[in-house]
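From first to last, the protein sequence lines are chains A and B. Sequence positions in the first sequence follow this note's numbering and run 1 to 465. Sequence positions in the second sequence follow this note's numbering and run 1 to 991.
Rather than coming from a laboratory, the hints here were simulated on the basis of the structure. Honestly, I wouldn't trust all of these hints.
Dumping the calculated DSS-like pairs for lysine-lysine here, alpha-carbon to alpha-carbon at most 27 Å [unchecked claim]:
# : chain 1 : residue 1 : chain 2 : residue 2
1 : B       : K845      : A       : K450
2 : A       : K272      : A       : K238
3 : A       : K316      : A       : K228
4 : A       : K455      : B       : K845
5 : B       : K294      : B       : K251
6 : A       : K192      : A       : K228
7 : B       : K845      : A       : K451
8 : A       : K316      : A       : K65
9 : A       : K95       : A       : K65
A few chain A residues that don't get close to chain B, going by computed Cβ distances all over 10 Å [to be verified]:
#  : residue
10 : E232
11 : Y338
12 : E384
Keep in mind it's a predicted model, so treat the numbers as computed, not measured. A virtual CB, placed ideally from N, CA and C, is assigned to each residue, including glycine.
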Amino acid sequence: MNSTDRRTDRAPARSMWRRAAAAFAVVLAAAPLSGRVAEAQVTIPTARQSQPVALRGATIHTITKGTIANGTIVLDNGRIIAVGGADVVVPRGAKVVDVTGKHIYPGLIDAYSTVGITEIGSVDVSNDITELGDFNPNVRAEVAVNAESRHIGTSRSAGVLVAFSTPDGGVISGLSSAMSLEGWTWEEMSMKGAAALNVNWPDPAGRPRRFGGPPPGGPGAARGPAPKTYAEQVQALKDFFAEARAYRDAQAAGQVVRTDVRYASMIPALNKTIPVVVAANTVSQINDAMTWAKAEGVRLVIRGGRDAIHVADRLKAENVPVILTSTMDAPQRNYEGYDGGYNAPAQLYAAGVRFAIAGGSGGLYTYRLPWEAGVAVAFGLPEEEALKAVTINAAEFMGIADQVGSLEVGKQATLLITSGTPLNMTSDVIQAYIQGREIDMNDMQKQFFKKYLEKIRQQQGRIAM
Amino acid sequence: MRASRTIPALALWLAGALGAQQASRLEPVTGLRDNGTGYHALVGARVVTAPGQAIDSATVVIRNGVITAVGRNLAAPAGARVWDLKGLTVYPGFIDAHADLGMDAVPQGGDVGPTHWNPQVRAWFSTTSNLKDDSTRRVALRSLGFGAALAVPHQGIFRGTASVVNLSDAGVRERVLRADLVQTIGFQRSFLLGGMYPNSTMGTTALMRQTLMDAEWYIRANAAYEASGRAVLPPERSEALGALASAVQGKQAVLFQTESEEEYLRAHRLATEYKLVPWFRGNGTEYRLIDVLKGRTQPLIVPLNFPDAPDVSSPELALNASLATMRHWYQAPTNPAQLATAGVPFALTTDGLSTLTQFLPNLRLAVSRGLAADKALAALTTIPAGWLGIDRTHGTIAVGKVANLVVTDGDLFTQDASVRDVWVQGTRYGVTRPPQIDPRGTWTITSTDADGFNATLRLEGPINRIRGTIERAGRRELPLAGVRVIAETGRLEVTFNGEPLGYEGTVLMSGAVSGDEVYGWTSLPNGTDPTFKGTRTEAYEGPARGTVAQRVPVIDLPFIRPMIEFGRASVPEQPSLLLVRNATVWTQGPQGRLENADLLVRAGKVAQVGRNLTAPRGAVIVDATGKHVTPGLIDPHTHTGVSSVNESGFAIVPEVRMGDALMHNDIWMYRQLAGGLTMQMVKHGSANPIGGENVFVKNRWGMLPDEYRLENAPRTVKFALGENPKRSPNRYPNTRMGVQEIIRDHFNAARDYRREWQRWEREKTGIPPRRDLRMEALLDILDQKLLVSSHGYRADEFLALVRLAEEFGFRIQTLQHGVEAYKIATELKNSGVAAVVWSDWGAFKLESYDATSYNARLLMEAGVVTSLHSDNAEISTRMNWEAGKLLRSGVDEIQALSTVTNQAARAIAIQDRVGSLEAGKDADFVIWNGNPLSQFTRAEQTWVDGRRYFSLEEDARTREEIARQRAQLIQAILAAAPASGTGATATPARP
């Protein structure tokens, strides 16, 4: 099955494309049902782009360079080679697709996900999120991403085309990997394997946590009882960074004899080539993480940020970005408004804090990312800011803005064709391109739909009315 | 006046009658008899004879434990031991109407004998039979002024009988005043007693109902046994059921020990349902139900359990302090005062205090916060005496009453006074020793010895913490390092650092005080010990004993219900006529969606929907131009606002009712209103193949639990299939196969039960069968009076239940969750089952892995009545967006909204009341600022029964009010916190 076949399936001739799925059902109802239904039960990665593609007639939302009505965007060799109006020259030999009346957006980016490393929530063996121990800066999500996960398809159907699969647990959880959600293997999907170092800031109000053991130390590192109190936990984190820095310097001086996989993995974060993403929600966590990061001289990104509005002035002054994960969370304090999560982005925007929005519900529901941002619009955030929060801002904070996050020449051709804003369920994601490939929009949920619609058709005569 | 100076003959007679208890003593005396006179005259005190009545310089005469005379300036009779109580105050002995006297021991290995199948049912337990010395608790209580108490049992749900005892040191036989006076019941089971069932609020209530019914049956069953001439075998023996006979016949009161507002309301409802004579041990939150309590006169015994303040000593801690907690901190001490103001009779108890030493301080706190001292005294004397049936002998100081007295050195209710003595039935028990010498004042010390020195000694401060100075002529005044008074021997000891006086070390002085003279000797660092004598030249005039005053600022905290954040000052008005104008109205009925339409509401019901309706005279007009109006959203599956969700003690529990577990103070209801939800079915959990009966709740935020219920609602019962009911490893079933079999077996049992009753009705022979609420509920299911609402994920398990329903003839109303419902959509359609599903939840457990967001779409394709649900408080606040998600599966807008309005109502058979905006239906509606299915839309107003329960404007005002109250309360806590160098939180603030 190639892309042309699929387009025929969608009956473009009669399509109002009003509702992709509705149209799909119409096709099934009209077409003779044969082996093609069974064929539809698999989702197949598309081959690398081999022919230039020009998408013409849509409203193009570049995010960084304004909105172009009746625009043209040309994709070649996986990259965007031209963006503009109707006058953009289409290269010879390009496949021209008329998308008049539709909208084109960059693929959405989930800055915090577990897609590919979790499959079924309560089935432990299907989860590869939390490694044993408190300091795991070396574990890298990409190597555990299951390219066959059902959740990849559903994410793409909602327009989420890039996701940062992220380990969790302990104090230093590991390295997030930027995954492009198309490919036969994780290797093909991976855009950046070591994209960000993740730290879980200790909870000052929490009960003393059960530590996995004393922090590992090189020669000279303190080995004592496991840290219990908040202060001890923060000190353990500081010690680990200090030891890692010593390791880096020793290595630079040619003094490292035996490799330490943990400290070696810290070097990009210490050298500020990748950000340190610190999970922090309460006022004291955010404040203390900022104080710490300043002293460490690392590139801090706050993730969580439930109380960020209470620290907004400082976040702005110190230019620390926030990845909000709680826009759809209930208020944490009963006196807070029912919309405390919903309106946090609007408040941060008004306060001048830079932020992205990430799905708060984990890998199973990465496809809900657009709504996590959309809700902020209902509660006062300008729609274009909500879009930035799931595209360019996420890309910038996480260090992949040179590749994705906006529709600009030279960036990857990772984009969406929609009937309207992807942030609202009132519009549909019709087709996505990932690195120039026109991807198969099928997913497991749609496959069940197709299969069991057939059951209803077969048994319709037997339905008692 | 003269008459009162002689002891009336009647009093002597009474004394003799009461004294007869001693004459008829059963136990022979070993050794010598103790024949003290028992004749006392307490002279000179201010005697508070009863609440509001006091006699200054009074005399109280006691003979053989009984008061034989009370009067002003009565001469002590010859032969009486005279107690000079000048300057002291005497109150009637206190009565603790709910005392913990060590009745909580559970025998090793549990109770034995034919008690009851359920170890929590201990109605047979008698505090009289189990009375023990328990001197520690008894003396501690007595030292607070208590002479008598109701000793209550503590273990189980049916806890046994409470008895009135005196708190003297006599043996237990002489202490019982009223044996086994009342039965006691509590809602919190005892873990010491074991047993799996019940483990929830509704299971506990169900057990209470069944047990009360069983007790009534037990009387009849035994009567039938006797009537048969014992020609049949007797009914199963139960000491517990036997012990409840008087209570269920209304001949014995039942004391409910309640731990929350809701428990009080539940207990009251149960008592009414079973015609019990209820007493209540309250819990300190009565002020939140003051309107309900007003006019009620059943015995109410309230604790003085005032909470410590939350820690607000840092900005971040203050940020987390909840309004509800701080309000309770501030208001709890006003609880007794509010009851008194409302005219609700109440007694006070020490129960609920973490330590008994809090009793007097908290009592004074209650008085300082508005409780009149005489009301406080009444709550400790006359009121409990009346309820406990000992008012002829206890409660006041009057001729003929037993001599239970409290002697204090000040006003016990308003001053920091101490209890000196407590008299119980004519015996005096010393509590704090009176100061037999008081050395305070200014003394001139002269040494009679050449080595000694002359000085001025000043002693001051509280009698038990005397401090002072010493000043040697011409030198500066030095503080004393220590002062010690040994009252019994009249000894005074002081020490001070002698270096400023020229001695190299500490000086010790020890003297014998006699009136204003002291004589003693000194131990100097140089080894000499010169003698001295001294004369008091000036008496100590310390400040009067401090009156305990209110220590917190006055804060305006209006009554709200519930008494938490966003509680309401009153139920919103219901306009008799209301016109919502010019909106896009989604009627979700035959009129469809109308642009520029009006909605007319009359007295809480929809009157008309249409264009250009004429506003009736007097109608309240709401302009909704540019807005959308929809029916109030409905969620057929939540667990909001209940104190328990699962009764997992048995696999089959249809007798339990979620309505019994309703609470009115779950803030989620307010948040649901903010998201347009007006109606929900609150469901039992999924731990059981057959769970409990669900309850239909209307979001009438600000009312009481029972007022939340949808009137005349259908009855539905929870079933559960799959992973949840089979995962208790020690409880059958452990497989999906077993789930089906245990359901089958119970329906067979119900049929057998019915046959047994039918036989009895026909023949009326033998022991009458007992009513079994579980079996009756199962029969209601079989008779389709109780409709099945089944939790299930997989197609296979649910298909099996559908076939079982066909076999037994019960009706499955809804499949809930139904993650795989789409796989059996045609089967559901054919069996008339509605589907209540999620928009897109799945993959969180194995049986939900085949979830698809096309589920609802496929069900609709097959013609199944399809509704969405949340099963989650947070999701239930945004059901419009859940419905909006369906748009992407190809469902049209009206259909999508129907899954949270009209089809949701239809699925759970309440479509005649709610779900659409049609004439005659409840005026439950939402005004949105745009298309309700859009992620960019929010609710602006939510109306229930034609009352506006939520609006953005009111919400904003409420937030400001919450902010004001929080700020003032935080300041009050900081102000009340004792100043201390070790951090303001070292000692919690007292309000």
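Exercise for the section: List in ascending order the numbers of the hints, as given earlier, that are violated by the structure. Expected result: 3, 6 and 11
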